[in-house]
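For reference, the chains in residue letters:
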Amino acid sequence: MSAANRPTLVAGLVAILRRDLLLAFKRPGDVLNPLFFFAIVSTLFPLAIGPAPEQLVAIGPGVVWVAALLAMLISMNGMFLGDFEDGSLDQLILSPQPLPLLALGKTITHWLVSGLPLVLVSPLIAVTYQMPFDTIGVMMATLSLGTISLSLLGSVGAALTVGLNRGSALLSLLVLPLAMPILIFGARTVALAASNDVVSAGIYFLAAYCVLGLSLAPFATAAALRISNE
Amino acid sequence: MTELLRGSGLTLLRGDRCLFRGLDFALHAREALQVKGPNGSGKTSLLRAVAGLLDLEEGQVTWRGQPTLGHRQAYCDELVWFAHRLGFKADLTLVDNLRFEAGLRRTRMDRFDEVLERLGLGRLTRLPLRSLSAGQQRRVSLARMLLADARLWLMDEPFTNLDAAGQALVLELIDAHLAEGGACMLASHQPIVLQGTLKSLVLQ
Amino acid sequence: MWTFFHKLASPPHFYDISARFIPWFAVLGLLLIGYGTVAGLFFAPADYQQGDAFRIIYVHVPAAYLSMMAYSIMAVSAAIGLIWRMKLAHAVAAGAAPLGAWFTFLALATGSIWGRPMWGTWWEWGDPRLTSELIMLFLYFGYMALRAAIDDTTKADKASAVLALVGAVNIPIIHFSVEWWSSLHQGPTLVREGGPAIEPAMLYPLLAMIFGFTFFFGALLLARVRTEVLSREHRARWVRNMMMGESA
Amino acid sequence: MTEMFAMGNYGAYVWSSFGLTAIVMLACVAQARSRQRTVYQQIETRLKAMESAE
Chain A
15 MSAANRPTLV
25 AGLVAILRRD
35 LLLAFKRPGD
45 VLNPLFFFAI
55 VSTLFPLAIG
65 PAPEQLVAIG
75 PGVVWVAALL
85 AMLISMNGMF
95 LGDFEDGSLD
105 QLILSPQPLP
115 LLALGKTITH
125 WLVSGLPLVL
135 VSPLIAVTYQ
145 MPFDTIGVMM
155 ATLSLGTISL
165 SLLGSVGAAL
175 TVGLNRGSAL
185 LSLLVLPLAM
195 PILIFGARTV
205 ALAASNDVVS
215 AGIYFLAAYC
225 VLGLSLAPFA
235 TAAALRISNE
Chain B
20 MTELLRGSGL
30 TLLRGDRCLF
40 RGLDFALHAR
50 EALQVKGPNG
60 SGKTSLLRAV
70 AGLLDLEEGQ
80 VTWRGQPTLG
90 HRQAYCDELV
100 WFAHRLGFKA
110 DLTLVDNLRF
120 EAGLRRTRMD
130 RFDEVLERLG
140 LGRLTRLPLR
150 SLSAGQQRRV
160 SLARMLLADA
170 RLWLMDEPFT
180 NLDAAGQALV
190 LELIDAHLAE
200 GGACMLASHQ
210 PIVLQGTLKS
220 LVLQ
Chain C
1209 MWTFFHKLAS
1219 PPHFYDISAR
1229 FIPWFAVLGL
1239 LLIGYGTVAG
1249 LFFAPADYQQ
1259 GDAFRIIYVH
1269 VPAAYLSMMA
1279 YSIMAVSAAI
1289 GLIWRMKLAH
1299 AVAAGAAPLG
1309 AWFTFLALAT
1319 GSIWGRPMWG
1329 TWWEWGDPRL
1339 TSELIMLFLY
1349 FGYMALRAAI
1359 DDTTKADKAS
1369 AVLALVGAVN
1379 IPIIHFSVEW
1389 WSSLHQGPTL
1399 VREGGPAIEP
1409 AMLYPLLAMI
1419 FGFTFFFGAL
1429 LLARVRTEVL
1439 SREHRARWVR
1449 NMMMGESA
Chain D
846 MTEMFAMGNY
856 GAYVWSSFGL
866 TAIVMLACVA
876 QARSRQRTVY
886 QQIETRLKAM
896 ESAE
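So the protein sequences, as listed, match chains A, B, C and D. In my numbering, each residue's number is its place in the first sequence (first place is 1) plus 14. In my numbering, each residue's number is its place in the second sequence (first place is 1) plus 19. In my numbering, each residue's number is its place in the third sequence (first place is 1) plus 1208. In my numbering, each residue's number is its place in the fourth sequence (first place is 1) plus 845.
Hints in this document: simulated from the structure, not taken from any laboratory. Note that the Cβ used here is the ideal one computed from N, Cα and C, for glycine as well. Certain hints may be false.
Stated by the list, open to error - Calculated from the model, a selection of chain A residues having no Cβ within reach of chain B, i.e. all distances over 12 Å:
no.	residue
1	22
2	57
3	107
4	119
5	130
6	134
7	141
8	142
9	148
10	154
11	225
12	226
Said to hold, decoys possible - Taking CB as the label site, the calculated pair distances span:
no.	chain 1	residue 1	chain 2	residue 2	range
13	A	209	D	868	44 to 52 Å
14	C	1359	B	142	41 to 49 Å
15	C	1329	D	868	44 to 52 Å
Given only the sequences and the hints, what does the whole structure look like? Please build it.
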């Protein structure tokens, strides 16, 4: 048998990114649902609390961040569900490519599909909350770092609950407590920016959490996938 | 003949039931091993345990003398898994799915067209797998196996959803694989006949 | 030394050995708690600032301490269980979780009861410790919910072990972020007499209560772990002999 | 004697805290005991089923 050469790690990552992004374009619902949810939740608060500008400015950062967190939450459940049901997960686990790398690939796809669009749409929402422009810049920075960390946390939760029939309710119970530090630093940093305070502390923390997640979460996700796929 | 796969003292519990205890088997190059037994006797679980998808209660599986638990990458590098479920994305086309495989394991893409012709999938490359029949989808899984540069074929019920011609084709492919020095372990309750040596392992 | 641990690791030996420790831990625990309660409530001098309300620390501090200790026991035994595939370690984690949740709830409740006279509200967001305890309680609920959602015991053990480890990594981060969060809006600066700087007469009852709680917790944990070991080893011969011996 | 229990009019808070502690401890013991009983029963029913099967 002519020994074909083994694909490199990068080839494996690119392969899984390419496949999942292709899948995402075939099912645009996965991209648009979190976005619609994010927009709708953000408009609920002014209706509930009233249109007074000074109130909106005060709650703006918090609302945008909570809406983003919840929008990410509803799309986390589907991260491995498709692969679990059609048997692709068996193939991923039994491939020579390390499973943490493949899990990282899926997490990156999840962020590209449901995290990044939130960051890009968030300025529109922020404008409805009369948020000044430089605060919007800080908000987008914290949101992009925060959504990456949420995807990483979500991948562990999704892998743990993929095989369970009422997994999505359980997933939010597992992920939300762990996501609180991200919410705290994200929302409060934007609020600090609104009162033009120093924001570097928050952004450094979110960046640090991102790096911690990037280095640890894939291994936890890989272990959880092996366990759930039994 | 070099010994490729060996299972020693395999014990597997599923919930309350003990599926098998102290099971031993050996598989050499150019050999096929058929796991027989009534439905629910743990044939699939044994194969999944040998592949490494299930944790064994006791016992050890070795590949080329090395335990598969510790040397997972070397084992998976020479293994291809053929399961009940398709293992491919139904929304994507045959080409996209097989190209994804090339990113996962050593694949002989040079034999791509030849394999598709042999499996009668030549005209279906542009269709999403969702629109293929069950038999055709099984052939796509067979295509993965043929393209994979793998010495060990682990096959779980390879003959379901296949018509007589399809089943004969599978036997033919296994024989060809054995002739090339490969090995095959399959779970099936159907009686099968191979040119190559066929051992069997019966579960209660 | 190692033979002791090795023996302890095998379920039947653990089942017998632990049976002997439970009564000792329980009695010792109750005695210490008895002394601590009486000394703390009646003999320790009142706090010059908070008056007698400070006596609530004699239950609040041990409970908070236990809630942390229980989670670290869960995390360590989860790691041992995953790395060395030891059922006993998973049994310890399974046994420690409900206890940890109970004591976290207790720490929360006594903390908010204590807050009522001090700050006038039942829930003081300004106190980072209270908020961290609350998040800890959610972590326990998440752990127990995951364990309950999976029927197969060994699978539930492994999945919840991964969750416990992920939670353990996040706990210091949660504490840090809640501290930072509460420092932002200068919550009421709290003078809490919990530290060792307090007078000996106040301190001894507190130490007695902490050790008392710990022994009591130890007795409860061993009892629960024995049950978990039994349910995991129900197919083993030693369980059958023991059950036969008992019912015969 | 009564002012001993008044706890400098914080009595309600102090005693409710200690009362709650006692309740939680009893709840832990009760939960552990009931869990033990259910596991025992499970094993016994399984052993009886096995015996009748043999």
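Outcome of the hint check:
Non-interface call for residue 22 (chain A) relative to chain B: violated, since the shortest CB-CB distance, roughly 9 Å, does not exceed 12 Å. A cut-off of 12 Å between C-beta atoms confirms that residue 57 (chain A) is not in contact with chain B; the least separation is 32 Å. For residue 107 (chain A), the non-interface assignment is contradicted: its Cβ lies about 6 Å from the closest Cβ of chain B, within the 12 Å cut-off. Against chain B, the non-interface label of residue 119 (chain A) is violated: not every CB pair exceeds 12 Å, the least being about 10 Å.
With a cut of 12 Å on Cβ distances, residue 130 (chain A) stays outside the contact zone with chain B, its closest approach being about 22 Å. At roughly 25 Å, the least C-beta separation between residue 134 (chain A) and chain B is larger than 12 Å, which holds for a residue marked as non-interface. Here residue 141 (chain A) stays apart from chain B, with its beta-carbon at least about 36 Å from theirs, past the 12 Å limit. With a least CB separation of 36 Å from chain B, residue 142 (chain A) remains clear of the 12 Å interface cut-off, as annotated.
Consistency note on residue 148 (chain A): stated as away from chain B, and its beta-carbon is indeed over 12 Å from all of that chain's, at 43 Å minimum. Taking the minimum C-beta to C-beta distance to chain B, about 32 Å, the non-interface status of residue 154 (chain A) holds against the 12 Å cut. Every C-beta of chain B lies more than 12 Å from that of residue 225 (chain A), the closest at about 26 Å, which supports listing it as non-interface. The beta carbon of residue 226 (chain A) is kept farther than 12 Å from every beta carbon of chain B, the shortest such distance being approximately 26 Å.
With their beta carbons about 45 Å apart, residue 209 (chain A) and residue 868 (chain D) fall inside the hinted range of 44 to 52 Å. At roughly 46 Å, the beta carbons of residue 1359 (chain C) and residue 142 (chain B) sit within the given window of 41 to 49 Å. For the hinted restraint 44 to 52 Å between residue 1329 (chain C) and residue 868 (chain D), the CB-CB distance of approximately 23 Å leaves it violated.
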